[in-house]
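Chemist: Let chain P serve as the given structure and place chains U and B on it in line with the hints.
Residue numbers (the numbering used here), protein chains in the order written: chain P, 1 to 166; chain U, 167 to 617; chain B, 618 to 989.
One or more of the hints may lead you astray.
[Claimed, not checked] Within a straight-line C-alpha distance of at most 30 Å, the following computed DSSO-like cross-link-like pairs (lysine-lysine) qualify: (1) U:Lys350 x P:Lys79; (2) U:Lys536 x B:Lys843; (3) B:Lys816 x B:Lys843.
Hints were generated in silico from the structure; no laboratory data involved. These numbers come from a predicted model, not from an experiment.
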Amino acid sequence: MAKFNETQLTEFKRLVARYPEGKQKSALLPVLHLAQDSFGGWLSSDTMDYVAGLLLIAPIEVYEVATFYSMYNLKPVGKYMFEVCQTGPCMLRGSDDIVAYIGTTLGIKPGETTADGLFTLKTVECLGACGYAPMMQLGKQYREHLTKEKVDAIIEECRKNAVANN
Amino acid sequence: MGVKLLLEKAHVQGIRSYEVYRREGGYRGAEKAIKTMSTDDIVEEVKKSGLRGRGGAGFPAGMKWSFVAKPEGVPRHLVCNADESEPGTFKDRYLMENIPHLLIEGLIISSFALGSNATYIYIRGEYAWIVDILEQAIGEARANGFLGKNILGSGFDCEIYVQRGAGAYICGEETALIESLEGKRGNPRIKPPFPAIQGVWMRPTVVNNVETLASVVPIINMGGDEYAKIGVGKSTGTKLISACGNISKPGVYEIDMTISVEEFIYSDEYCGGIANGKRLKACIPGGSSVPVLPANLLLKTAKGETRYMNYESLSDGGFVTGTMMGSGGFIVLDEDQCIVKNTYTFARFYRHESCGQCSPCREGTGWMEKLLLRLEKGQGKISDIDLLWDIQRKIEGNTICPLGDAAAWPVAAAIRHFRDEFEWHVTHPEEAQKRNFGLAHYADPIHVPAV
Amino acid sequence: MSEQPLFKVTIDNITIEVPAGTTVLNAARKIGGDVAPPAMCYYSKLQGSGGKCRTCLVEVSKGSDKDPRPMPKLVASCRTNVMDGMEVKNITSTKVIDTRASIVEFLLINHPLDCPVCDQAGECHLQDLSYEHGKEGTRYEFQRRTFKKQAIGPYIQLHMTRCILCYRCVFVADQLTNKREHGILDRGDHSEIATFIEKSLENDFIGNVIDVCPVGALTDKTFRFKNRVWFLKPLDAHRDCPTCSGKVTLWNRGDEVFRVTARKDEWGEVESLADGKPAWICNSCRFEKKKTSDWVIEGPRIISRQSVISQGHYAGKIGTHTPAETFSAVHGGRQPKLLMDIHAVSEVNQTDIELSLLERPAHSTDFHSEKD
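The following block holds chain P by itself, in its conformation from the complex (with noise of 0.2 Å):
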């Protein structure tokens, strides 16, 4: 089972001492973040098992937090996860043909991933960009403004990312 490294299990004493003593559990969310980037984008049982052990708290406990919050993926994704907003203010700047664009050029629906593991498409509901949009968040970034032309560019640089850093 995977654990924490060095630098993670700093970053992870840090999140809990914000909270007063015995109120470990509020830093829950955070260390879920935390756990999720460290261990391949995903949650397994087994991580929150393991969460819920540095915490002190009973695993149901995690499970109930984790499948409440949408940013939280319980099951493998894809390397590069494109969330496309797709609620009222991106609508009416064409959200829906920038999803639909994406589905073609990378033959996948929203909710599926490529073959090669490389994209998720996930269709998602209002980020706070609607004055930028249509958008979507690629990582920890936005990307906004979106075009044809931006999606072909973004999937461009993903796959040059990822041929990098093989």
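Modeler: Then chains U and B, alone, in the frame of chain P:
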């Protein structure tokens, strides 16, 4: 040019850094408050300013502060609500990204006033990169003696921590936010007790929006009375409006609440008119939850008076012919947009974001979404429109938290003002799949009955 | 505990005094009868329960003597404390009745309505609620929600489609067992009771989730499809149990014990023992002691609210037990008109015909008095 209190310096080169912010006059407010004012003085100034909560509900901030319980030996906490998730709203993000120290300074003053030694910024999980910006600013403030132990020799200690959410609109509701901050599911609490009595870890807690807390800085700098002179009536000070949709210049604008809606949409200083020379059809001026208005009721009230960008004027006419200032998420729809589809995306949003605790919201939001999708696809019946009306009516006011109302209002207003368009989807199912209903009569002047 | 001052509260025009800190719901239960709002999620023995189902919403027409303003919205009576001089409308408010019917509709749109094959039928609070407060028919025309089946062990059967998310079972696991294994997963309309990784629930007291479940979401696997509750005779019985109080209700047919449950009061809640603690029962009493010889039988059990169970089993007062005359008690002995024979107070529908003696269905003409 209107008055700018928050974003005046937002575009100064390097303003994200402490040095530049300080050089531009930053942290004067914090110095003034901590060195020369008592905590009661600060609360008094905020009360005098008439500042209303900028998150959406518009509750007077000073009054909220004065409710906080002060039991002996129990720590109190200030929590900054940066879980900006209301569709159409991206003003707090803009403020935090561009001028983070303004928020940090507001937090320092407010923490001092409320006696919070550990203050938390709860930020929506998707704003991941802003966490770094804020932590950088906190580090700088700390290095310069504005945070940490014995701030400016006052004996007051304070730390600010940034906590990331993980994707849940409901955590913008203050008790859901508190639950989430405690590492739990974002289920709103049943009130009472209110956070001012028992909030995070059952300790007295004040939860305020980013913009509200940032506004404390100009209030302290200029004094509550001066701040209250800006604006009109109970809409004091300035308000950030995030404008989006089919306008020429989407973005975040600071307004002083005396300008008209028409000026805001059409002037080049703000939205720059409707994009691509189209005509205005409708607008949701305060974030997705507030009632949508057709062009004619948006620009003028039912009495035929000019409608202004402030709390009172926007809500003139109540929900029958008015709307709300809400969070300031200003969503504009041009003549090519479909009200049914737009309402459907909001219904889908609220279904997706319902926490599922209470039955009217859990079941009602999903039902509304299904009916709206059916109508949008031209498979609906006229009776579906009446059913939708009845469902929203039964959700509104009957839920644990305001998400139920937020889900009900957009549906209610859409049917109230755009019923023709809904019916057209039923009577012209094939045509509705090929084109949109168009502007119709929604911009026609309203007949004002002579008195 | 220090003595609480008494607050006067008026519910549906009936005034009683209750200690400060009492909820509107519990005050209404003291009055009893129809004045008590239905409660699907609140459970007085489970801390933190309530507020969620919204079936107990009532109208507060006067906040208190000090602040007589009415409350702007309906409030959850289970989570609202009475104030001195408060006036509450439950069945006297059309708004409440209307809203309650909607809540029933909301609770039913995704319910499978599989009562004919559900073990809870006959003692199901959702059935009672629909019957008493719901409307005929449904306006929902979409596919009902389904869930992936999850097994939770040899004792308890989980039917997630029937669940109304009252959270009671989660509170039971939190407050009665030493380690909670199940909880509410996911969110919104796809929230579910689950263990995430399929796990069997075997904690000593976990069987109580069956007793608190208001619907057929959690049922007794050892009783599954064995019999209908209304064919069984409920009997109070006890045994010396090292784990729990051993005070239970047996559900027998002839001498055969079909199932064992805790003893429940008229609100469907587990009864309290003499020491005030709820008489939760252990898994061993519930699931393993299925012989009459395991038990000392005390006598017939009165099930007052679930009329279908009470019908036809016991002669006389048992089983057809009527609630105590709280109405007249709180009225100082005066009989409220509500309980009188309608003909004694009303000129409407006076009839000279004994309708029950007609050999045909009654006609509208039968209701016309000779005087008309």
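Chemist: Work down the list of hints and note, for each, if the structure agrees.
Modeler: Hint by hint, here is what the structure shows:
no.	hint	in the structure
1	U:Lys350 x P:Lys79	holds (28 Å)
2	U:Lys536 x B:Lys843	violated (39 Å)
3	B:Lys816 x B:Lys843	holds (25 Å)
Of the numbered hints given earlier, the model fails hint 2 alone.
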